[in-house]
Amino acid sequence: MNRYNNQFKITFPAKSANEAFSRSLISAFSTQLDPTIEELCDIKTAVSEAVTNCIVHAYAKETDERKKTVSITAYIEYDNLLTVKISDRGCGIDDIEKALQPMYSGSGSDERSGMGFSIMGCFTDKLSVKSKPGKGTTVTLKKYIGKQHAAKK
Amino acid sequence: MDLTTLVKDDKMIIYLSGEIDHHTSREIRDGVDRLIITHRPKAFILDLSGVDFMDSSGLGLVLGRFRKIKELGGEMYIANAGDRTMKILKMAGVDKIIKSVECRITNQE
Ligand SMILES: Nc1ncnc2c1ncn2[C@@H]1O[C@H](COP(=O)(O)OP(=O)(O)OP(=O)(O)O)[C@@H](O)[C@H]1O
Ligand SMILES: [Mg+2]
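Here the protein sequences line up with chains G and H, keeping their order. To get my numbering, take the position in the first sequence, counting from 1, and add 30. To get my numbering, take the position in the second sequence, counting from 1, and add 2.
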């Protein structure tokens, strides 16, 4: 069995209409792992949170529309481990530890609950955040999918 | 997103359906707020049974309406949230702040 058996990469404008698109996309890609409905909902929700953060926070002060992009890379390893990387080239996060705290939101004006990262952490097996102020942010989500199928093989 | 609304005396029920994310929540918020301002209900029930996707933007939407209703002297309730929706509401402790009730709108099907 190959360690890496499938992957995709896509870049799209940081427009809110693409939140639903990113959910459909990751859902379609994950289908090959035979996920349960629950697993599919989990990964869709986590990706939705990460993509929304790029759209809402990363480019809050960016005026050049062409620079506002979100990239998603996803790959499957070992037949059951899905990795999704969501990245932007926006403002970055100064204090990642603080940003990860439940109920913390850096945007005061909007109606944000500050639960995005908590939801990503809860619905996946591993969440990691890399960020450079002024350069951008990459969120990596890892989730074992279709465990029961893998066990049978 | 269609907002099915039922107003009776000082009670208002709004039935939400479809996906609630950052993209859709703006329009839903504006629609719900317009109805709240118009009817100023004593009891406001948000029926979430038709919601088939919700993320943290939905939390913001629900909590924002809760504050709005409080400001106007009313009480807010959540009705018929599905398992997924409830899981996310519970993560933010919304279930402790906003009471859940059972209700049926006859034209909901
Ligand atoms: N891609 C990003 N670029 C810049 N800042 C970010 C990014 N992602 C998150 N942040 C910062 O981290 C904070 C916490 O993010 P989180 O998703 O947990 O909450 P939120 O987006 O503020 O609210 P919610 O997700 O509940 O609507 C954000 O308020 C923002 O300040
Ligand atoms: Mg967020």
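FYI, nobody ran anything at the bench for these hints, they're computed from the structure. Keep in mind that the hints are not guaranteed to be accurate.
What the hints assert, rightly or not - DSS-like, lysine-lysine: derived pairs with alpha carbons at most 25 Å apart:
#1 K128(G) to K72(H)
#2 K70(H) to K172(G)
#3 K128(G) to K89(H)
#4 K156(G) to K89(H)
#5 K97(G) to K156(G)
#6 K156(G) to K92(H)
Quick rundown of the hints versus the structure:
1. K128(G) to K72(H): Between K128(G) and K72(H) the Cα gap is close to 30 Å, so the pair fails against 25 Å, i.e. violated.
2. K70(H) to K172(G): 38 Å, violated
3. K128(G) to K89(H): Answer holds: K128(G) to K89(H) is near 24 Å, not above 25 Å.
4. K156(G) to K89(H): Satisfied, since the Cα-Cα distance of roughly 19 Å is no more than 25 Å.
5. K97(G) to K156(G): 29 Å, violated
6. K156(G) to K92(H): With a Cα-Cα distance of about 21 Å, the restraint between K156(G) and K92(H) holds, given a limit of 25 Å.
Of the numbered hints given earlier, the model fails hints 1, 2 and 5; all others are met.
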